[in-house]
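Enquirer: Residues per chain, in single letters:
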Amino acid sequence: MRRLHSALAVLLAGSMLSLPGSLAAQERTVKITGFGAKSGVVRVFGINSEAAMKAAAEEINKKGGVTLGDNTKAKLVVEFLDDRCNAEEGISVVRRIASTDAFVAVGPTCSNVAESLFGILQKKVGDASDSGLQFPIFADVAAKGGLAKISEWAFRNVPSEFEMYKSLIAWVRKEHPGLKTMYGGVEKDFAHSNATYGVMKGQAEGAGLQVLGTAEWLLNDTSFSTQVRDMKRANADIVAISAHPFTTCGVLKEMARQGVKPKLLIGLTSSSSIETLQGCARQAEGIIIPTSFAPVTPEAKAAADQVAKFGGSADLHSAAAYEIMFILKDVIESQKIMAKPDTVQADREKMRKGLAALTETKGLLGKVGRTADREAIKPYLYVHAKDGSWQVLHRPAL
Amino acid sequence: MDFYLGLIQIIGVHTLLGLSAYCVLLTGQVSLAQAGFFAIGAYLAGMLTVLAQWPLIPALALAGVVSAAVACAIGFPALRVKGLMLVVATVAFGEAVRLFFFNFTYQIQAGALHLGPHGAEGFRQIRYFPENGWSTLDVVLFIWVVVALVMAGLWWLDRSRVGAVLRAVGEDELAAQSVGINITAVKVSAMTVGGFIAGIGGGIFAHYTTHIEHAQFGVVLATFAIAYPILGGLSNVFGTLLAVIFIQGFLIEGLRFMGDWRNLLFGGLIVLAMNVRPRGLLDAGTTRALKRLFSPGREQSGA
Numbered sequence: 006m007r008r009l010h011s012a013l014a015v016l017l018a019g020s021m022l023s024l025p026g027s028l029a030a031q032e033r034t035v036k037i038t039g040f041g042a043k044s045g046v047v048r049v050f051g052i053n054s055e056a057a058m059k060a061a062a063e064e065i066n067k068k069g070g071v072t073l074g075d076n077t078k079a080k081l082v083v084e085f086l087d088d089r090c091n092a093e094e095g096i097s098v099v100r101r102i103a104s105t106d107a108f109v110a111v112g113p114t115c116s117n118v119a120e121s122l123f124g125i126l127q128k129k130v131g132d133a134s135d136s137g138l139q140f141p142i143f144a145d146v147a148a149k150g151g152l153a154k155i156s157e158w159a160f161r162n163v164p165s166e167f168e169m170y171k172s173l174i175a176w177v178r179k180e181h182p183g184l185k186t187m188y189g190g191v192e193k194d195f196a197h198s199n200a201t202y203g204v205m206k207g208q209a210e211g212a213g214l215q216v217l218g219t220a221e222w223l224l225n226d227t228s229f230s231t232q233v234r235d236m237k238r239a240n241a242d243i244v245a246i247s248a249h250p251f252t253t254c255g256v257l258k259e260m261a262r263q264g265v266k267p268k269l270l271i272g273l274t275s276s277s278s279i280e281t282l283q284g285c286a287r288q289a290e291g292i293i294i295p296t297s298f299a300p301v302t303p304e305a306k307a308a309a310d311q312v313a314k315f316g317g318s319a320d321l322h323s324a325a326a327y328e329i330m331f332i333l334k335d336v337i338e339s340q341k342i343m344a345k346p347d348t349v350q351a352d353r354e355k356m357r358k359g360l361a362a363l364t365e366t367k368g369l370l371g372k373v374g375r376t377a378d379r380e381a382i383k384p385y386l387y388v389h390a391k392d393g394s395w396q397v398l399h400r401p402a403l
Numbered sequence: 103m104d105f106y107l108g109l110i111q112i113i114g115v116h117t118l119l120g121l122s123a124y125c126v127l128l129t130g131q132v133s134l135a136q137a138g139f140f141a142i143g144a145y146l147a148g149m150l151t152v153l154a155q156w157p158l159i160p161a162l163a164l165a166g167v168v169s170a171a172v173a174c175a176i177g178f179p180a181l182r183v184k185g186l187m188l189v190v191a192t193v194a195f196g197e198a199v200r201l202f203f204f205n206f207t208y209q210i211q212a213g214a215l216h217l218g219p220h221g222a223e224g225f226r227q228i229r230y231f232p233e234n235g236w237s238t239l240d241v242v243l244f245i246w247v248v249v250a251l252v253m254a255g256l257w258w259l260d261r262s263r264v265g266a267v268l269r270a271v272g273e274d275e276l277a278a279q280s281v282g283i284n285i286t287a288v289k290v291s292a293m294t295v296g297g298f299i300a301g302i303g304g305g306i307f308a309h310y311t312t313h314i315e316h317a318q319f320g321v322v323l324a325t326f327a328i329a330y331p332i333l334g335g336l337s338n339v340f341g342t343l344l345a346v347i348f349i350q351g352f353l354i355e356g357l358r359f360m361g362d363w364r365n366l367l368f369g370g371l372i373v374l375a376m377n378v379r380p381r382g383l384l385d386a387g388t389t390r391a392l393k394r395l396f397s398p399g400r401e402q403s404g405a
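In the order they appear, the protein sequences are chains Y and S. If you count by our numbering, then the first sequence holds residues 6 to 403, one letter each, in order. If you count by our numbering, then the second sequence holds residues 103 to 405, one letter each, in order.
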């Protein structure tokens, strides 16, 4: 009897000792931290990014998770931090993430935050004289052109607005040869809107359109009567608005009030979202916007449904966050990232190397090219607002 | 660790911003111009290190001097008005500075890059710290040496005749004038010192954020600048430091885990703090109690 008790005790002790290990093996997780604006005027972008990251993580986890360098399987867990679209807070958030075991961060929302964040990163890999942070950041939303150039640790999965507007303006010239003049509107104090308006205007002038003037307003403005009055006076064939949904809707409503009816309306990429339709579907009717996302493929439709389940909306920004999660999964597996506390710096270097080596990734609309300066070449299409929804107007052959 | 060091950097720079407003508040004036002086210091110091390749310390010194000169020039007309009128006048100045930088472009070609302020798109690549191999700890030490020097200077000033004059003007202008104090000179001097401190703070801010743009220097920053000394209390310079730790360390960073609720709590906790401690977190009574606690003998002999 005593022998039996001893044997049982040994068995119990053995199983107790092995239990935490086996549980840990079963429940191994890898945390991917996203960050962006979840407060203020642009909070919706952060909410959508978080939902998209969680939706993608669920998809990956459903299929077994991610295989780590030691051949164990891990589930992806998403955490999302608010930087309030503030550069100082963005730096603090990234330092917070970098002080954990994280080997990559996804964000930010705002281009002005990305400017500062990429600035604190080491500029050139392996430059011992540069004490910048050695931590890879993969941007999903910050859309101002050329930001990844700032640091070799910075990556973006955002579309090239230069290419998109170049193509759109050329298409407009071909499809509507009778339109000769354009009037611009720009949300002057927002880096992305301001930079993209430069692209729109440059392309329009280059394509032979006469730009009659530009109305300027600020992100927090709520009154646009003076700007629209000037727009009305110019009586241009095309009105191109480079602004986010909130002021785009304000301007469109004021245009409707003052009876400004251009023959063609062009909008900013970021306004091809549900927020514009929620805010001013009637006034936005007909507006044409180039975008790198629309639910036009089975993958894109499934992604949009998944993101909606997590309380977000799939648009060109959040779809980028969704794609990033799958890119990270592939890089974790190809670079054999260990995701252990004692391999953090090595994992970060592997992640950076893996991301830098990519020449092509899978996107929701098709293949996405990667450039040497760590930017994406994404497929795009033109959508227009029709009957309260975004519908595909044209899909350029790329 | 890097995160905490980064947070200490932020607290240091915001302490300088708060101390710049503290100087002016001692004379009883509420100035919302500090964000403007901070912006001038940020842009000027950034341009000196990036475009003119100056070392950091002379760049900060010149940024401080120029901000002080602007503060002095603004002080004369602005301080002819009082109370709410002064608030409006200084807000107008701050906005004028912000809009100046909103439209200010001065770039030079450096290889494939264009460096320098670029209007609404801001001023990027102010990378003096990383490019010169400064670690986060080096930056923290540098910032806190500056903060300590400024605090020591203001502490000494507060205990000198000059400090007594500043507080006399702040307590009762008429009484101060009746004993022969030149009110205008005192107020303008306080504004100038405040401008100098804000200019240095702005210069350091530009270098640790590496990118600056007009929107960072708006009314919100100006409000934070005066909120620090008001919330902290005007009995001594440590009140401002305490308030910066409370706002930046606790309300902004400490509550980040609360997500969307953080912003709601932020305002509520400031209102609560001001109700519980209406004369500031570190008012005269608390300062006396702390003195008694840490040097009871000295307090008794003083009594």
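Hints were generated in silico from the structure; no laboratory data involved. Even glycine gets a Cβ: it sits at the ideal position worked out from N, Cα and C. Be careful, since some hints might not be right.
Claimed, not checked - Output of the computed footprint for chain Y on chain S, the stretches with three or more beta carbons under 8 Å from beta carbons of chain Y: (1) 311-321; (2) 351-359.
What the hints assert, rightly or not - Simulated restraints on C-beta separations: (3) Y:Asn-76 to S:Gln-209: 28 to 36 Å; (4) Y:Gly-69 to S:Leu-153: 39 to 47 Å; (5) S:Trp-363 to Y:Lys-314: 17 to 25 Å; (6) Y:Asn-76 to S:Phe-359: 29 to 37 Å; (7) Y:Glu-304 to S:Leu-243: 45 to 53 Å; (8) Y:Ser-228 to S:Leu-366: 21 to 29 Å.
What the hints assert, rightly or not - A short list of chain Y residues far from chain S (calculated; beta carbon distances all over 12 Å): (9) Ser-97; (10) Gly-183; (11) Arg-234; (12) Arg-262; (13) Ile-293; (14) Asp-392.
Enquirer: Does each hint fit the structure? Answer for all of them.
Expert: So, going through the hints one by one against the coordinates:
no., hint, verdict
1, 311-321, "holds (count 7)"
2, 351-359, "holds (count 3)"
3, Y:Asn-76 to S:Gln-209: 28 to 36 Å, "52 Å, violated"
4, Y:Gly-69 to S:Leu-153: 39 to 47 Å, "54 Å, violated"
5, S:Trp-363 to Y:Lys-314: 17 to 25 Å, "23 Å, holds"
6, Y:Asn-76 to S:Phe-359: 29 to 37 Å, "34 Å, holds"
7, Y:Glu-304 to S:Leu-243: 45 to 53 Å, "52 Å, holds"
8, Y:Ser-228 to S:Leu-366: 21 to 29 Å, "28 Å, holds"
9, Ser-97, "6 Å, violated"
10, Gly-183, "34 Å, holds"
11, Arg-234, "22 Å, holds"
12, Arg-262, "27 Å, holds"
13, Ile-293, "25 Å, holds"
14, Asp-392, "33 Å, holds"
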